[in-house]
Every structure is written in structure tokens, then in C-alpha cells.
Amino acid sequence: MTTAPAKAPARRRNHIKRSRGDVIFDTVNIIIIALITLTMIYPMWYVLIVSFATPEEAALGRLYFWPKTFSIEAYQKVFETKSIWIGYANTVFYTVVHTLYVLILTIPSAYALSKKQLPGRVVITWYFFITMFLSGGLIPSYMLNKSLGLINTRWIMILGMGVGYSNLVITRTFFQTSIPQEVYESAYIDGASEWQTFIRIAVPLSGAIIAVMALYAAVGTWGSWYTAFIYITDQTKWPLQLRLRQILIENQTQSLDIQQMTQEDIAMMQHQAFLMFTTKYAIIFIACLPMLILYPFVQKYFVKGVMIGSLKG
Amino acid sequence: MVNAGSTRKKVDWRADVIKRLKRYWQLYLLVLPPIITTFIWHYIPLYGVVIAFKDYKPKMGILGSPWYGFKHFEWFFNRPMFWQILWNTVRISLYSFCTFPCAIIFALMINELTSAKFKKTVQMISYMPHFISTVVVCAMIHMFFNASDGIVNNVIKLLGGEPIAFLYKPNVFDHLYVWSGVWQGLGWGTIIYLANLANVSPDLIEAARLDGANRMDIIRHINIPTLMPTIVIMLILRVGGILGVGFEKVFLLQTQRNISASRVISTYVYELTLGAGGSTTYWDTSAAIGLFNTLVNLILIIITNTIARKVSDVALW
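For the protein sequence lines, the chains are E and H, in the order given.
Position one of the first sequence corresponds to residue -18 (our numbering), numbered consecutively onward.
Position one of the second sequence corresponds to residue 2 (our numbering), numbered consecutively onward.
No lab work stands behind these hints: they were computed from the structure.
Honestly, I wouldn't trust all of these hints.
Here are the simulated lysine-lysine pairs, BS3-like style, with alpha carbons at most 27 Å apart [unchecked claim]: (1) H:K170 <-> H:K158; (2) H:K120 <-> E:K127; (3) E:K285 <-> H:K118; (4) E:K127 <-> H:K250; (5) E:K127 <-> E:K218; (6) H:K20 <-> E:K97; (7) E:K281 <-> H:K158; (8) H:K121 <-> E:K285; (9) H:K120 <-> E:K285; (10) H:K158 <-> E:K49; (11) E:K218 <-> H:K250; (12) E:K127 <-> H:K58.
Calculated Cβ distances over 12 Å to all of chain H for the following chain E residues [stated by the list, open to error]: (13) F60; (14) Q216; (15) K285.
Listed next, the stretches of chain H that the computed footprint assigns to chain E, with coverage defined by at least 3 CB atoms under 8 Å from CB atoms of chain E [stated by the list, open to error]: (16) 75 to 85; (17) 101 to 115; (18) 143 to 153; (19) 190 to 198; (20) 286 to 294.
Note that the Cβ used here is the ideal one computed from N, Cα and C, for glycine as well.
Just chain E, same shape as in the assembly:
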């Protein structure tokens, strides 16, 4: 087995003179792509500018590209809102621990399944494959977790199946293609056990796939709300996303602690209402911040995961 081909040679299109058709083609192509890309980025940009704009300007709908005056009032409001930070802390905790759980389950088993000589390998693979198409559904799962006593505990956010078939296949493919078989062979000849080859050879050589799997799991957990929504009623254990749903989608903004004024100070009340508008955008920005910071560094790992996954399905 060879590893992925080295970089594809650079395109040599310049050999042939660009015709008029080419110029038109390129221009139209670039314009369409630029428009699509702008559509991709504008919603995110809009969130950012609203969160930094003065409540009046943003809420009255005069803001499209760049705020006239900047304000961090919305962020002050977010920082004062305790429930968001509790959710944040919970999410960080769940993300770290669940990611570890997933790694411990995925990496060693994918390694074992990458060994073609392992008897029963096909059966075990099918055992995991079936999970993609057959599932018990909401109530049978709920009954199980209830009898396990996981409801309303933090455990429900951490435990679980922990392996996805596609992740297993991606990792297995990595072990089969990226580490030369000869390395293993020589270890076996030296009398190394499977356990030793795994720990001493496979793991040190598979930093890339571990990073990919860790990031997949981390992003998944960071964004998950469904499990908590179904199983956790105790709000102090809620992850951030469930809190976001409550504030941003269900519009239960009392936790933002914006008091209704009892005085006839209408202007003040209005300001509070406007502030609520920008605060929501600030919340979105803060919720996405870790991802945005990490994104430039981790993007290549995600792409890598997709590529390995496409090697052999």
C-alpha cells in the first residue's frame, strides 16, 4: 500500500493561450463564486457588527455594513449574565471529558480492526456498521438511560456509544495506509506484542488522526444540545447550547436580567429593549468565539479527516 500521492503537479494550463471563451468563463466563474462567498460570510459579519453597535442603531435597522458608533454595552450585559457562563463552563467540561472518552474508544479499536489477520474482523465491522442504519429511537433509548440512572446527571453528557462507524473507518484506513506494514513486521519479529506495537509504534505515528478524531468529537460535543434537552432538567448542568436555545430561540430573556422599568422612563425602557437585541448577537458571537479562534489552526485537520475518509469507504 502506498501512502497518499505527493502533491499533484502544478497545472500547466498556461501552455495554451487563453482564448476569449476562457476569459469569459473565468470572469463569470469568479463573479459567481465571489457572490456565493459573500453570502457565506455576510451573516457572520452581521452578527459581529450588531454586537458591537449601539443598541439604537442596530435595533432600528439602520445597520448593514459598518456601525457608526461602537459600543460594548451588549458585551457588558453578557458578562453579567451568570447562566451563560455556567453553561460555558459545563460545555467546556463535557467537551473535554467526552472527547477523551471517544478517543479511548475509537483509536485502539480502529487499530485492532486495521489488522487484516484478526479473525472475526468482518463480523465486528458489521456489528458497528449496522448501527448506522438501525436504531432504537427516542423512547427505547430513554428507557435504557433511565434504568441506568443517568437522567439528570452529568454522566449522560459523557457516556454513550462513543464510536461512530464512519470515524472508525477513517481511523482504520489511516492505520492501514499511513503506517508502512514493514514497521509492524519488524516489531513483531523483535517479539513485540500487539499491545506494545500499538502503544510504542502506532500511537506515536498517528498524531494526525488522533487530532482529527479529537476535533471531530470536540466540535460535535461543543454544539450538542439534544442530549441535554432530552435528559437534563437541572439548569445548572445545562451546556451552553441549551441555554442559547432558551435565550435566543425561545426568547426567555429574563435570565439576561434586563429589568422592566417601573418608572415612566420610557426612553430607558426602550434602550433596554434595544439592548436586548444587540445582546443576543453578542451572545452568538461569544458562543462561537472559541471555534473562530481555533478555526484557522484546526481547519486542515478537518479537511484531512474528510480526505482519509474518502480513500476507502
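Please build the complex by placing chain H on the supplied structure of chain E, with the hints as guidance.
The following block gives chain H in isolation, referenced to the frame of chain E:
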């Protein structure tokens, strides 16, 4: 190997087996934990599906509850709501499914970009929405399309139109759901196709150009055929999910006013059970509905896989 083995002594051969087993037990040990967790969290609930055929009473447990035959299925199929729910599920899926070529087209377009820098920027930006969580995307939809202060209505008002309460309109639900999905997944979906396109031999393209092929010809006769196997695999995976409209996004975009268009199988199951405030009356029924859903998906994916295998040699199994 066989020859080498037969010339050895019997004892050696036995020692060899023991040595191999010694290795294997460690491999089995490595794969054991996920086998256990999968058994607990996947196969036990699968067994729990038998309540679909029972008159489930929590006090009597799964085994103790009396059998109920297919009555839960009958109940569901005979509900006036059944056709609406099924139609919503199928319609939303099919509509999403129709956007399948978007990523392919976008990948083909990106592939034609000559400036490496521009290409990289486009990829960087278009992958980004993939990393935004479902809750945040849905929150953004709720906020942007809000009737009173959403930016979309600001623009409509600016252009002299009447504001529209998008999330209260059943006939808009599909478009919001599907196109926000495209927004989020378009760039990400191109990765796999772009990786394939990078493997197209530049010599082949040059030869085609010398033969007078223009850019569209090359896309049609070289690039698209290159992508075909990947397209087939992706297609099979998509077809398998046709009744599997996920709970999360539909539920997050659902409002009391658009529910006639947004009540799908998975949200209906929730509505009947956990959404009903602790009542266990419909637990058994909901398991029947879930089973029906799973079976339809399974049949669809088997059919697609069989067809794909016959016509193109590419299949999941």
C-alpha cells in the same frame, strides 16, 4: 506460508498458534470497550423496540407488558395526521436531496479558479459555516427573519415591501430549512470532490485542450466522470436518510404557527412522548412509529445500494 508450515514440526506449529492467540487476545481487548458501549447504548435500545408490539405499562416492564400486535402501527396509519406528517417528512427530505448537486457544482467551479490565493480564501470562508452549531444557526434564522427587527425584513421595508413573519408561515418553512442547510454545508461538501479533482492528470487536460476542447467540455468529459464514483457513494448515503429528517433543526425552527409544515416523524415522536409532560401513554406507539421510520430508511438504502452496484460497481457493501 503453507509450505513453510508443513515442513515444520507439529510442536512448532502449535507454539505458533499459541503465539498468535497471545497477540489476538490483546487486539480483541482493544476492540472490546466500544463493542460493550455499542451493545449497551445501541443494541439494548434496539431490543427495547419490542414495546412497539406491546401494550407497554411502565410498572410491568418490557417483558411483562402484554402483546399488542400491530395495533400501534394501525393507530398511527389511521390518524388523519399521518399523511401530513409523512408528507412533511418526505417533502423536506426530497427538497434537501435536490440540493445535492450544489456542492458538486460549487466544487467544479472552485476547481476552475486559476488564482491559488483566491481559491484558498474561498475555501476558508465557505468551510466556516459548517463549524457553527445547529442551535446558533437556527437562532440566526429566527433573528434574521424576525418580523419586527430582523435584517431580512429591514431590507424588505427599505425596498418598500411589507414585513413578513417568515417563521410563522408554513409555506416558507421548507425554504428556510433547506437553504440554511445549503448555506451551512455547501463549502464543506466540496472538500471530498475537490480532493478527487486534484487527482485529474494535468496531461489529460492539456491533451484535451490541444484537441480543441473548451473548459465546459473538459468539465463534462473529464472532471464529472472523475467524480462519478464519489457522487454515487454520497448519493446512496443521502437516499438512506430520506425519512431520517433529523430532529434537531426541524424542532429548533418549529413554531406553533408553522407546525402544519414542520411536524415530521421525529418531532411527532417527541411530541407524543417526552414533550407530553411525563405521560407514558404513547411510549409504545412512538416506538412503533420509530420502527416504521427505520424500516423505510433501511429498505430505501438497500434498494439504492443494489441499484448502484448493478449500474456502477460502486456500493457501500
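Each hint tested on the structure:
1. H:K170 <-> H:K158: Cα-Cα ~18 Å, so holds.
2. H:K120 <-> E:K127: Violated, at roughly 50 Å.
3. E:K285 <-> H:K118: holds, 20 Å
4. E:K127 <-> H:K250: holds, 25 Å
5. E:K127 <-> E:K218: Given that 27 Å is the threshold and the Cα spacing comes to 17 Å, the pair holds.
6. H:K20 <-> E:K97: At roughly 17 Å apart (the allowed maximum being 27 Å), E:K97 and H:K20 satisfy the hint.
7. E:K281 <-> H:K158: Judged against 27 Å, a Cα distance of about 42 Å means the pair is violated.
8. H:K121 <-> E:K285: holds, 15 Å
9. H:K120 <-> E:K285: holds, 18 Å
10. H:K158 <-> E:K49: Roughly 21 Å separates the two Cα atoms, so the pair holds.
11. E:K218 <-> H:K250: holds, 22 Å
12. E:K127 <-> H:K58: holds, 15 Å
13. F60: holds, 19 Å
14. Q216: Its Cβ never comes within 12 Å of chain H, the nearest being 16 Å, so this holds.
15. K285: E:K285 is in fact no farther than 12 Å from some Cβ atom of chain H, at 10 Å.
16. 75 to 85: violated (count 0)
17. 101 to 115: holds (count 6)
18. 143 to 153: holds (count 5)
19. 190 to 198: Satisfied; 4 residues make the cut.
20. 286 to 294: holds (count 5)
Hints 2, 7, 15, 16 from the list above are not met by this structure, while the remaining hints are.
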